[in-house]
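As you go down the protein sequences, you meet chains C and B in turn.
Using the working numbering, the letters of the first sequence correspond one by one to residues 6 to 340.
Using the working numbering, the letters of the second sequence correspond one by one to residues 37 to 453.
Keep in mind that the hints are not guaranteed to be accurate.
[Said to hold, decoys possible] Distance ranges between label pairs, derived from CB positions:
| hint | chain 1 | residue 1 | chain 2 | residue 2 | range |
| --- | --- | --- | --- | --- | --- |
| 1 | B | Glu439 | C | Val188 | 41 to 49 Å |
| 2 | B | Met244 | C | Ser45 | 17 to 25 Å |
| 3 | C | Ser255 | B | Arg230 | 35 to 43 Å |
| 4 | B | Gln217 | C | Glu29 | 35 to 43 Å |
| 5 | C | Arg39 | B | Gln219 | 31 to 39 Å |
[Said to hold, decoys possible] No more than 30 Å apart at the CA atoms, straight line, and that leaves these computed lysine-lysine pairs for DSSO-like:
| hint | chain 1 | residue 1 | chain 2 | residue 2 |
| --- | --- | --- | --- | --- |
| 6 | C | Lys121 | B | Lys310 |
| 7 | B | Lys82 | C | Lys121 |
| 8 | B | Lys260 | B | Lys39 |
Because the hints were derived from the structure by calculation, they are not lab data.
In this text the structure is predicted, and so the values were computed from the model without any measurement.
Virtual Cβ for every residue (Gly too), placed ideally from N, Cα, C.
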Amino acid sequence: MTYQPVRFYQTGTFTVGNRLLPDEQRSVQANMRRTNSLNSGHRACQGCGEALGARYAIDAAMEATHRQLVAANATGCLEVFSTPYPETSWQIPWIHSLFGNTAAVGTGIAAALRVKGRHDVRVVAQGGDGGTTDIGFGCLSGMFERNDDVLYICYDNGGYMNTGVQRSSATPPGARTNTSMPVGDSTGARFGQGKYLPAIAMAHEIPYVATATVAELRDLEAKVRRAMEFRGARYIQILVPCPLGWGHPSADTIRMARLASETGLFPVFEAEHGAVTNVSKIKHKLPVEEYLRRQQRFAHLFKTPQRTDIIERIQQLADRNIRRYRLLDNVERRA
Amino acid sequence: MLKQVEGSAAVAEAVALCRPEVICAYPISPQTHIVEGLGRMVDAGKLTPCEFINVESEFAAMSVAIGASAAGARAYTATASQGLLFMAEAVYNAAGLGLPIVMTVANRAIGAPINIWNDHTDALSQRDCGWIQLFAEDNQEALDLHIQAFRLGEELSLPVMVCMDGFILTHAYERVDMPTQEQVDAYLPRYEPRQVLDPAEPVSIGAMVGPEAFMEVRYLAHAKQRQALELMPSWADEFRNIFGRESGGLTHHYRLDDAETVVVALGSVLGTIKDTVDEMREQGVKIGVLGITCFRPWPAATVRSALAGAKRIVVLEKSLAVGMGGIVSNNVTSSFAGSPDLVHTVVAGLGGRAITRSSLHKVFAQAVSGKLDALTFLDLDYAKVERVLAREREQRRSGPIAEAILREVGVVAAKIG
């Protein structure tokens, strides 16, 4: 008897819902005793990927540490929308010092806890991609190099969104920002610039590096939990789409994050001590156009005449990621 | 216990006696010997429990201290010159957050041109950052001020900068009376923070403050600094009872009682000034000295009363408000009841230029005879400056500024005297 295999997109994921899962596999957010570390009432935009990512990440860290957690936060959206004086959305001990020093503040907290014998209390330092890949890079690299006991979480939305959408070193090539405008022959953010911090973190050979997106929140929780099993410097970069900066409907935040990973533009993986240990395979490889078309920051590529040359270069970047991180099954790795 | 040690070693030992829990170390001359000394003590297990962290910049040094202090640890670091400027954003932040970090500044000039020698430009550039700033006259006082700094800072939840002249004090071997651990423990209680990052009692520190409250928050910082002016003199007795000597305080007065001419200064140059004043006193000149130990908060009332009988004031300072004149003198003028015309600024010793008794004698004598300009640059070679300025008028591409002056000076190696 012949049969037609039915492919469920969500098979093998947790997105079908908690009611089908045993308790131990349910998400932290499904637990009535979740901490709501980043509580409601904050001023994030509708559809903010960073608020979602931070809530899942910090609640997962709280569960993993039995609620013995301290956070240091860089200046940026997350800081501004969560703590308009005298209100705060943080239900955990939390400090904001400066834009560029968050990793070092984390180091200081960790040192104080160590000297006080509080080995049970753990430290998270967090910030956006500007605060991480640009202005905070020196302190972050120092923290990695010393292998200080801090988990650094970068919420990557590819630009300085808090100041009104400017280019950072994490802005993807071809993207329009207010400091990388596609005027004249310019294509938006330039090719051949920018930096990919997960690889730089791995080059420090710190115990744990991971990437995640808000499209796979169970995966994000698992990575935070895994990170907390290590002592020393750890780094997680979470792709958090920004409806304001990217120019997509606020209802499409999760879709954008999923398209970023399914096109290969944002590889999702884990690495330990400098070597990749686990990769989230692409289930349905999509052309980058599917991702780019839905965002105003790439709209200039699709006007007449369509910049197929630029779209092709972006496709090549995705294909390189797919080869480099073996994001597809049965893809031969090229030199 | 009496000891003959390098100033940096004395300070390192005094800081260790204060039981710091987190020390951030980054090298910059002339501060480096202090953190080296502390590092050796931590490595040898003589200072425990203490985390000694080799950071990657001064900006990180202050930032690690901020994190450590906010998490309830007694935090210490040391810097100088470019290092202080590089950490400036975090220096302001530590004060704004009200974290009682103690930092030694081994005073050194600011470049360009790069110069490792002593003046006060570095610390005075941060005079409005919200830190308490204390200036040591000698190594004994540098040592004592550190012990007082932890007590004062922690009482008020304010950071304290102890300034000591680079090389002149940090690298000088002097006799010091090193206190015992028991003495320091009797004077300096355990650190009880007013705010702490504690999972048992979560707080948010460093929230955004808008126009509706920012003025009040800033005023609080000002009010707390004013409290220091009351605390410091009242703690002097306690310090004397435990350590058996006078040290610190707001100001030092020397032969002021009948002085018609008062010289005001900060730091180690006070020694040379006192010697010069002694010579002039022998010649019958009514001259005295007001040493400023506490520069921030500015002890306005104390300065005002100390200068009440003065007919003329000479502010001798190792700093320059470029385009204006004196920094210290501007503060002094604000606290002088008489005419501002009676306050003379003498900028001296920039970049380590020696301040000699003969030069001081000359300039003080000019002041006494009413011939001193409002602003004087001690031992400045005007002829050389004029030649460089003339060349600049003639030649568009006159070349790098520092090199032009050096060519005029005609020396091939640094010369301090």
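Status of the hints after comparison with the structure:
1. The supplied range of 41 to 49 Å is met by Glu439 of chain B and Val188 of chain C, whose beta-carbon atoms lie about 43 Å from each other.
2. For the pair Met244 of chain B and Ser45 of chain C, the supplied restraint of 17 to 25 Å holds, since their beta-carbon distance comes to about 19 Å.
3. A C-beta distance of roughly 41 Å is found between Ser255 of chain C and Arg230 of chain B, which places it inside the suggested range of 35 to 43 Å.
4. A hinted range of 35 to 43 Å is violated for the C-beta pair Gln217 of chain B and Glu29 of chain C, which are about 53 Å apart.
5. The hint said 31 to 39 Å for the Cβ distance between Arg39 of chain C and Gln219 of chain B, and at roughly 52 Å that hint is violated.
6. About 47 Å separates the Cα atoms of Lys121 of chain C and Lys310 of chain B, which puts this hinted pair outside 30 Å; it is violated.
7. For the hint pairing Lys82 of chain B with Lys121 of chain C, the CA-to-CA distance comes to about 17 Å; that is within 30 Å, so the pair holds.
8. For the hint linking Lys260 of chain B to Lys39 of chain B, the alpha-carbon distance of about 36 Å lies beyond 30 Å, and the restraint is violated.
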